[in-house]
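Enquirer: The lines below spell out each chain.
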Amino acid sequence: MSFKGRDIVSIKDLKKKEILHILDVGEEMVPIAKGKEKSNLLEGKIMASLFFEPSTRTRLSFETAMKRLGGEVIGFAQPGATSLQKGETLADTIRTAESYCDVIVMRHPHEGSARMAADFASVPIINGGDGAGHHPTQCLLDLFTIRKEKGKINGNVIALLGDLKYGRTVHSLAYALSLFKAKMIFIAPEQLQMPKEVVEECQSMGAEISFEVDLEKAIEDIDVLYVTRIQRERFPDPEEYNKVVGIYKVDTKLLKKAKEDMVILHPLPRVYEIESSVDKTKHAAYFRQAFNGVPVRMALLALVMGVRK
Amino acid sequence: MKELKIQPIKNGTVIDHITPGCALKVLKILKIPEERSHSIVSAVMNVKGKRGKKDIVKIENRELDPHEVDKIALIAPNATINIIRNYEVVEKHKVVVPDEIIGIVKCANPNCISNTKEPIQPKFVVKSRKPLRIQCFYCEREPEDISSRVV
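In the order they appear, the protein sequences are chains A and B.
As numbered in this note's numbering, the first sequence has no gaps in its residue numbers, which increase by one up to the final residue, 309.
As numbered in this note's numbering, the second sequence has no gaps in its residue numbers, which increase by one up to the final residue, 151.
Honestly, the hints are just simulated from the structure, not real lab data.
Certain hints may be false.
[What the hints assert, rightly or not] Keeping only pairs whose Cα atoms sit at most 25 Å apart, straight-line, the calculated DSS-like set for lysine-lysine is:
| hint | chain 1 | residue 1 | chain 2 | residue 2 |
| --- | --- | --- | --- | --- |
| 1 | B | Lys127 | A | Lys12 |
| 2 | A | Lys17 | A | Lys148 |
| 3 | A | Lys12 | B | Lys25 |
| 4 | B | Lys127 | A | Lys196 |
| 5 | A | Lys12 | B | Lys130 |
| 6 | A | Lys253 | A | Lys280 |
| 7 | B | Lys48 | B | Lys25 |
| 8 | A | Lys16 | B | Lys127 |
| 9 | A | Lys280 | A | Lys257 |
| 10 | A | Lys15 | B | Lys31 |
| 11 | B | Lys130 | A | Lys196 |
| 12 | B | Lys117 | A | Lys86 |
| 13 | A | Lys181 | B | Lys127 |
| 14 | A | Lys196 | B | Lys48 |
| 15 | B | Lys92 | B | Lys31 |
[Said to hold, decoys possible] Covered, in the sense of this in silico footprint (three residues per stretch, anywhere, with C-beta under 8 Å from a C-beta of chain B), are these stretches of chain A:
| hint | region |
| --- | --- |
| 16 | 89–97 |
| 17 | 105–112 |
| 18 | 272–281 |
Model, not experiment: these values are computed from the prediction.
All C-beta atoms, glycine included, are put in the ideal place defined by N, C-alpha and C.
Extracted from the complex, chain B is given alone in its bound form (with noise of 0.2 Å):
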């Protein structure tokens, strides 16, 4: 069972250091499995690494763009990304809060234009990485727990 858990893919990404329990908001935020995809995608979670628990996700045959991955950094900012090509990793890339969130979270405020039925996609714009302020581009509130918000 060991090994079914920590199976290397040949050809793919994988995302390793993922805050554990959060591989399935991951896999929501990348839009994984796309649709009519082949591709085999496996989540494992709670694995033991060297630093304590972490989830994996693994996307067998598709390469993501690292920077389009930016976007998990919200939730899972330890997280890395690797891209495989014949069980070797050919690039690797640590996640990097990106300056603008798009279509990830969604405003908290209940009377935000942005969760109303206009035309548009909720838009944050980060203010400080560390510790991670982000502010609504519209109505400029600041949601305090960011993850709960994850569309």
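Same shape as in the complex, but just chain A (with noise of 0.2 Å):
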């Protein structure tokens, strides 16, 4: 198992082994993340972070994942104060980038931009976002919380909620739990369902997979509630997306029917799908899955630039 130099663009690039050394590598890295020990493991390292698209999270993540471990941030955040503003190519930006950097973490509105730039690239590409297409490294922190917050991957009914149509990390964390064979409850109302394609793929890989419409009715059989952001902006037709915001509310009252070790991920943002009186109860796991970006981050940036194996 080698992760030198290897891109990361999608979760399937990576194999279910690989997929547990990372975690496993990832569980190492909690302390340091924590600011709790030190490393000077990527020191003389540089990560180029080029976001062209807003981030708060997997930005902050990955720099503060390089910084942890002695490494040295560059890039930027908006693309306006770049040569893009100029015209350039995101392909002329990622062979000048490459040269001042040992690793690249890119999001990008267009889909297929990480898989293009990987091909341009003789550094790594971790993608961090491209438009509605792959989010890997959420995917790698949402199993790692899964696995940190229940012991285990498989052997729980996880379910997926919200906008499974449009929303790029449902996709690939139903993928990876199908790895795992999980046993998976699709939440949404009937236009955002979970397409088809995916369900299909799911189901050829062992997952055991059943569909529901309202909430109430499956929260006392979920382990792992994982909860989505209806998103305006992936909604081809706003007409579509008015008749379906705010439709899941995840509230105090929902939640006395759930399981007593029950616990809510969100990749966040959250705008109304999950109320803050949620925050302070047991199930809410969410912050600290957003905290688990860091170790995991650290373990993929260590891996792809071959200072850990």
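From these two lone chains plus the hints, build me the complex, please.
Expert: Take a look at the structure:
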């Protein structure tokens, strides 16, 4: 198993045992991620952080991951101040940036942009989200969180809730959970249900899948509730968005019916789908999940730059 | 008139059994006629054959590489390539869908990076041959109607 020089564009680029290895290395990184231990594992290394789209958690946790391991960060959080404004192609930006760094982390609004960047760059490309395409590091930190919260990935009933049609994180997560032959409930209104090809792929991998529209009906069976935001920007038709926005709300009333040890995850940002009163309950794991982005991304950076095997 | 339609050529390439109505698309995919080329090209559409209607394309005095012509398998999966020398068929090849399709089909996803000004050609990988399913190398979407996406 070698990660040195590898691009991480999609979760499908990784085998199950490789995913588990990343999670294990991530586990070792936790004390460093918390600032309790110091590390100079990536001293002398530079990460280019190229964010062509807004991001809070992904960008900040990657930059924190790099700095906690003694590395340096260059880059931009908005393309406005770069040559892209002058009409430069992404391909040229990548070829320029790669000569300044050892790894590139990027987020871009076009699907397939990270795959294209990987074709042009000789340094590893880590995809921090490509439009409605992939977001593999989110998927890894979701798996990390499920394992950490529940002690294991398989053997849990994991419900994916909300926009399962356009949400990029849920497609990758459903695929990754299928590698572990997970039991999943896809909870969504009919027009936002998981695309058929994703469902078929998951089933062919041995996942046990059921469908539900009503969250209340399913709540008592769930071990992990993965909530997603219904994202206006992903809807081609605003009418369709207006029909479904606010359809699900996780609140303390609903949680009375949930298992004692049920945990709620959310890739964040949330808008209306989880009430703030839920934050104080034992079920809320989404801020711990956001922290987990740091050790998982530390693991990935160390692995693709070959300083950790 | 009948003679004119099926007139044999002395030397060159005949692409036979093209899906009816697709002859011009085939020429477009093969970028025929080439600029400044003097070779005579004829396309015949809706010819009656043993297995129903078909289109035929003839390119005189130019031998196409049969594997290069495989690109047309996307829209004409039953086509055959005949290399003609001195009125004789010296080589016959049935098109095969290649593993990768580059620069022929445009991705149906308007937000795909291949539909922007980037210096790349649209690229698809073949997921299955029967039925034919192709997937964009970049955004991984599968076009439903492949022939309508031919560049």
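Enquirer: Between A/Lys17 and A/Lys148, does the CA-CA distance stay at or below 25 Å?
Expert: holds (17 Å)
Enquirer: Need the status of pair B/Lys48, B/Lys25: alpha-carbon distance at most 25 Å?
Expert: holds (19 Å)
Enquirer: For the region 105–112 of chain A, count the residues whose Cβ lies under 8 Å from any Cβ of chain B; is that count three or more?
Expert: It holds: at least three residues are needed, and the region 105–112 of chain A offers 5 whose Cβ sits within less than 8 Å of chain B.
Enquirer: Measure nothing beyond the straight line between the CA atoms of B/Lys130 and A/Lys196; if it is 25 Å or shorter, mark the hint as holding.
Expert: Roughly 20 Å separates the two Cα atoms, so the pair holds.
Enquirer: Tell me whether the statement that chain B covers the region 89–97 of chain A is true, taking a Cβ distance below 8 Å and needing three residues at minimum.
Expert: holds (count 3)
Enquirer: Straight-line Cα separation of B/Lys117 and A/Lys86 no greater than 25 Å?
Expert: Since the Cα atoms of B/Lys117 and A/Lys86 sit roughly 13 Å apart, the hinted pair holds (cutoff 25 Å).
Enquirer: When you check the alpha-carbon spacing of A/Lys12 and B/Lys130, does it fall within 25 Å?
Expert: holds (24 Å)
Enquirer: Verify the proposed pairing of A/Lys253 with A/Lys280, using a straight-line Cα cut of 25 Å.
Expert: holds (14 Å)
Enquirer: Sort out whether B/Lys25 lies within 25 Å of A/Lys12, counting only the CA atoms.
Expert: Since the Cα atoms of A/Lys12 and B/Lys25 sit roughly 35 Å apart, the hinted pair is violated (cutoff 25 Å).
Enquirer: Would you check the hint for A/Lys16 and B/Lys127, treating anything up to 25 Å between C-alpha atoms as holding?
Expert: holds (22 Å)
Enquirer: Is A/Lys280 close enough to A/Lys257, meaning Cα to Cα at most 25 Å?
Expert: Cα-Cα ~17 Å, so holds.
Enquirer: Given the hint that B/Lys127 pairs with A/Lys12, does the C-alpha gap stay at or below 25 Å?
Expert: Holds - the C-alpha atoms of A/Lys12 and B/Lys127 are around 15 Å apart, at most 25 Å.
Figure legend: structure checked against the earlier numbered hints; hints not met, in rising order: 3, 10, 14 and 18.
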